[in-house]
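A.B. asks: Assemble the whole structure, with the sequences as input and the hints as a guide.
There are 2 protein chains.
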Amino acid sequence: MNVQIRERPDAASSTGIKTAIADCDIHPARATKDELFPYLEKRWHAHLETFGIQAYQGMMEGRPYPKAQPNASRRDAYPPEGGPQGSSLSFMQKQHLDPNNVALGVLNPLATGQGLRNQDLAGAVCSAINDWQIEKWTSKDSRLKGSVVVANEDGVSAAAEIRKRAGDTNFVQVLLLSRNVEPLGQRRYWPIYEAAQEVGLPIGVHAFGFGGNPITASGWPSHYIEEMVGHSQCQQTALASLVLEGVFERFPKLKMVMVEAGFGWAPSLAWRLDKVFARLHSEVPHLKRKPSEYIRDHIWWTTQPMEDPESRDHLFQTIEWIGWDKLLFATDYPHWDYDEPSRVLPAGVSDANRQAFYLDNAKQLYGIA
Amino acid sequence: MNVQIRERPDAASSTGIKTAIADCDIHPARATKDELFPYLEKRWHAHLETFGIQAYQGMMEGRPYPKAQPNASRRDAYPPEGGPQGSSLSFMQKQHLDPNNVALGVLNPLATGQGLRNQDLAGAVCSAINDWQIEKWTSKDSRLKGSVVVANEDGVSAAAEIRKRAGDTNFVQVLLLSRNVEPLGQRRYWPIYEAAQEVGLPIGVHAFGFGGNPITASGWPSHYIEEMVGHSQCQQTALASLVLEGVFERFPKLKMVMVEAGFGWAPSLAWRLDKVFARLHSEVPHLKRKPSEYIRDHIWWTTQPMEDPESRDHLFQTIEWIGWDKLLFATDYPHWDYDEPSRVLPAGVSDANRQAFYLDNAKQLYGIA
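Chains A and B supply the protein sequences, listed in that same order.
If you're matching positions, the first sequence starts at 641 in our numbering and goes up one per residue.
If you're matching positions, the second sequence starts at 641 in our numbering and goes up one per residue.
Any given hint might turn out to be false.
Copies of the same chain are indistinguishable here, so a pair counts whether it falls within one copy or spans any two.
Unchecked claim - Restricting the straight-line Cα-Cα distance to at most 30 Å, the calculated cross-link-like pairs of lysine-lysine (DSS-like) are:
| no. | residue 1 | residue 2 |
| --- | --- | --- |
| 1 | Lys682 | Lys804 |
| 2 | Lys915 | Lys734 |
| 3 | Lys915 | Lys1003 |
| 4 | Lys707 | Lys915 |
Hints are computed from structural coordinates only; laboratory data are not their basis.
C.D. replies: Written as structure tokens, this is what we have:
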């Protein structure tokens, strides 16, 4: 056995899918380094020229993705006009949105101000990214909707950015990453949750990010695979923190989407939390319900990655636990681990559940008519 | 709802269990601070008097367990002659071994040299703990078997300690913790695996430990519950590291037991690893089989904690995935989260599986006639 990174079908060979779908994880990129500059105050042009950026640094650098997949993306996804994968709307339309019948595509920009240590710069870059999403993407293709990116370590400025976008139908969610300076339930992040609830936007929590700590409690692993699968453990701790700090008790209308970290771990995490909670409720008296109840009511989950058990029944049992109404289809386009829409669900799913999974859950969550 | 820490039944009200059982996680304690001194060279008496100990330090200190459960243990487990819970053989016999019909009790000493930064001291303390296990426990009650504790950060000295105990039937396994200076698959720990395979002892990997890093990739959580449930995430990263570094390829006869971190997360971790491995095998070409195959063949799992799903079927499906022949019963006596033997398995388990779970799997794994 000597499996290599699989080649991806090129645009021409895409099989397509007949029913309209929502793709809840699309990553748009800048075509050039300077593409963001028109959206940034002049002050920051000079600052970036003089100081560059200071990010939370660590051994992550240089190895977030296999090198053989440049820009973490499909090698067939380079736009013909140049620029990195995901940087051309017309090529995204031709390669992905049109052939795959994407009726709703949620943009999750990743290289934003999140993770920058200068919080004023972080906020300026995030705000610029939000303007850029409108001008380059959502105003040009009504199928695409943006995510409000925020300087997440500065809850107050992040909340201001969210309120600035209130009522703007170019955006359907706020975007956070799961690996931060502190676990996501901590109070420094509460202004974000307060603002998101107030303006009625769900919060997507996408895997990745970096806050200075290694991805394991025992330091640095050796392999990309460990880093990648480790993001599921990050997401587990983030979700436990959100539940146990009482975020969903404090913000009862908040909806969150766990993006790109799998969901097979959700039931066992909830079972364990419930069992411990039954005996240690007095440590978290602000919780009025069992941890599993907050998880079931407040959390949505995207596929890509979707766990792939040997037994189809195991997959269905897992989905039944989280709820067919809580699962959202996502491709992760143009990243290398993209899921082909027509191949992601095994046989044996009812038409109603397929329809909910591929489109209706997302339309309902994101308020798309 | 205002659940407090539940009181435990006292010795007199223990329900007992009719069939003989193996308890694969019993924690013996020292009755006094000085109890270990007879097993330590004089050199270390003076050293401890002058320098004390230097452990990997962090915010763990002072909060590994709820304070209301002193010594992390049942309040009804104090021996009548004084000393902390778990420090009296006669009281352990009276309260636990006799009424619960324990035919095999595996001792897992926790406050050992593991985690001390002076590796010579760590090795001396571990060796003393091993001598103490024989003299105080296993030579006095043939139902009890010890675990060889080792200075795990110094693989070479740890391997020497394991070889020193080769063939000594007082011991049935080597004991490691899951949270260390590096992930457990790293080569610094390989001499331990080599020696354990050579002398034919399985390795128990018990939750807890500390190597300087916070328990989440986003720093320190607020609650004991997060710390406790977080150990399952530590165990997941440790297991991924063991598999991906090729430990089971290099040491094909090695058997490992995951102790006190649950097992509900095992299938979804294996599914995810298999899926990523299928595409990124070239990063870990030393692996000849799918990650799930190493996990199924090389890993045993103890209960306490056993996840407690709402649906009994979900529990059974999880156990079927890991294998009824791989599950070992454990109480965690005398710790506060002790599981009462007669109550741990739900109805609906076949007699053969009950027998395997309560006794036969452990006897076979640990080589007890």
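A.B. asks: All the hints need checking, so say for each whether the structure fits it.
C.D. replies: A quick look at each hint next to the structure:
no.	hint	result
1	Lys682 to Lys804	within (21 Å within a copy, 70 Å between copies)
2	Lys915 to Lys734	between (50 Å within a copy, 28 Å between copies)
3	Lys915 to Lys1003	between (34 Å within a copy, 29 Å between copies)
4	Lys707 to Lys915	between (43 Å within a copy, 19 Å between copies)
Checked against the numbered hints above, the structure violates none of them.
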